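> Chain by chain, the residues:
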Amino acid sequence: MIEVDGLCVRLPGFTLDAITLHVATGEFFTILGPTGSGKTLILESIAGLVPIHSGRIRIDGRDVTDLPPERRQIGIVYQDQALFPHLSVVQILRYGLRYRPRTADREEKIAYLIEQLGLEPLLERGVVNLSGGERQRVALARALSVAPEILLLDEPLSALDPNFREEIRGLLRRLHHETGITALMVTHDFAEAHFLATRTAVIEAGRIEQIGRVADVFNRPISPVVAAFVGMKNIFEARFDGCAARAGALTFSLTGPVDPAWRFMAVRPEDVRVHGASPETGDGASNLFSGRVTRIDHQGVFADVRVRCNGLLWQTLLPTSRLLDEAIAEGGEVWLEVPAEKIHAM
Amino acid sequence: MRRIDPFHALAAVCTLLVVGFIVFPLVEMIRQPTAANLKASLADADVRRAIWLSVSTSGAAAVIAFVFGTPFAYLLARRDFKGKRLVESVVDLPIMIPHPVIGIAILSLAGRQHWIGRLAADLGVRVMGSVTGIVIVLTFVGLPFYINTVKNGIEAIPLRLENVSRSLGASSFGTFWRVVFPLAWRSVLVGMILCTARAVSEFGAVVIVAYHPMTAPVMIYERFTAYGLRHSQPVAVWLIFVCLGLFLLLRWINPAGRRRT
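Heads up: the protein sequence lines correspond to chains V and D, in order.
FYI, the numbering for the first sequence is 11 to 356, going by our numbering.
FYI, the numbering for the second sequence is 306 to 566, going by our numbering.
Note that these hints are calculated values from the structure, not bench results.
Since the structure is predicted, the reported quantities are computational estimates derived from the model, not experimental observations.
Idealized CB from N, CA, C, for every residue including glycine.
All clues stand as given, with none of them false.
Covered stretches of chain V, going by a simulated chain D footprint (3 or more residues, C-beta under 8 Å):
| id | region |
| --- | --- |
| 1 | 49-61 |
| 2 | 78-84 |
| 3 | 91-97 |
Please model the complete structure; the sequences and the hints are all you need to start from.
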C-alpha cells in the first residue's frame, strides 16, 4: 500500500501542491497528466529521490518520509530504462541482490523473472546490443529482482515503438496479476491507464484534478482540464436550466436535469455527427445546428473536421470516406448533430 | 573547375599559420641539439633527477587532486547550492592568477609569520625549498584542470542511473563506486593527465617556493641564465618528450571524446 498525504515539493519555477493519494495493496494505479505536470516528481518523491517540503509518505504502513531511497524497498522503472551501460544484462539483474538478505528462494525468483521476461538469450549481452523492448524487459526484471514492496513505473511505454509497446504493456499486466505487487505508473496516455489500471489520478500543473476509477474519470470528468485530457475536445462555458444547456447562442436539450451550479459542457469529437444535408433524425434526442466547415485535417482513415456554429467552434472526427459521401468540404455548409446523451455537464 | 570558398581558404591559411607557430619552434629546438648532446644530457644525474622530480611531484599532485578533487567534482556536477557559481569561479582562479603570485601566496602561508607555517614547522613539515613545497604548488596549479574535467564527465552520466542504483539498495557511496566511477573513469584519467601535464610545465610558482630541489623547468632556466641556450636545450628537449608522452597517452585514452559519447 502507498499512502501519500499532503505531499508538497518546491522546485524553482514549479510546485507540487498538497498531493494526497492512496494506492491499495496489490492495486495498479496510474497518474495521468501532460508533460511537465509533475507526474515524475511524485514518483521520485515516493522513491526518496527529491527533497520534499512537507507531507508524509507511507509504504505498507511504514513511514518512509525520512528514509533514504535505498531503505524504502521500492523498484523503479524509467521511460529511458536507465540501464547501467557498463554492465551485462546478468550483472544488471543481480545488481541489487547484494543489498538484500539472502533468502532460500532468491535464486528461484531470479530464474522466474528471467523465464517470465524471456531474458535467457540476453543474459551475457551488453546494453547497447538490446532493442527497446528488450531493454524495458531488463529494466522491469532489475526492478523486481530485489522483491520490492512497490513498483514505480515512469512512462515505461512511452519511448517504445508500437510493437514493443503492446508487448511490454501485456507483460506489465501479466506480471502484475502474477506477482500481485502494488504498482504506481505515471503516463500521459489514457489508453495505457485503461488497459492496466483500476484507478487513476489526473494531475495538472502540480495539482491533482481528479481521482477515481479509470472508467469514471474517462466518462465523467469533473473539470475542463480533465475533460480535455480524456479527449473531450469540445468544451464550452454553459448555463444549465433544468434539462437544457445554453452555450453561446445555442441551446441544447439534455437527457436529464443538471445542477444549475455547473458551469461547463463537454462533448467528444467522435460523438458529434456531421451531415452534408439536414438529416432526418426522428429520435428527438439530438441537437441539430447548421454550421460552416472552417478546416479539414486528414489523418489517414479519419479526418479532423472543424465546424463553426453560431460562434462556437466544434472539433469533430469523421471517417474520410464520409467526407466524399456527404460532400463535406472546407467552407461548405453542414449540419451538426450533438446527441443529448453525449453531452457531459460539469 | 571547382571554386574555392574564400572563407574556407582563409580558415586553411590561419590553420597552417597557427600549427606552424606552435610546431616550428618546438621542432627546431628538438632538431638543434645533437644526439650526442642529448645522450650526454641524459647521462647527467642532475638532469635525470630534475626530470624525475618534475614527473614524480606532478604525479603526486595528480593523485592529491584525485583524492580530494573527485568528491568535490561530484558535488559540483550533481548538486545545486547557494554560491555554487562562486565556488566554480574559485576553482578556476589558479588558471588566471599569475604563477609567481601563487608562489608568493603559498610562501606567505608557509612562513613563520603565519600560524599555518608555524604549525607546519612544529609538525616538521618544511615547505620552502622542499619537495613538499613543490607538490603543494603543483597541486594548486593542476587542480582546476582535474576538477573541471571530472565534473564534465560526471555531468554526462544520466542522474537516473544513480536513482535506480539507490532504489535497488545501494547507498550514495556504493552508487558512486559501482555506477559513477566506472562510467567516469576515463574523465578521471584524462583529468589526472591534464593535471600532471600542467604541473610538469610549471615554473613561475615553483621557482619562488623551491628553487632547490631543482625541477626540470627550473633547471632549464638555471642552465639558460648560467650557460646559455646550447646548454639548456637538451634538458628542454627531454622535458618536451615527457610532455609529448603525456599528450599521446591523453589522445589514446580520450580520442577527441568520441568514445565517451
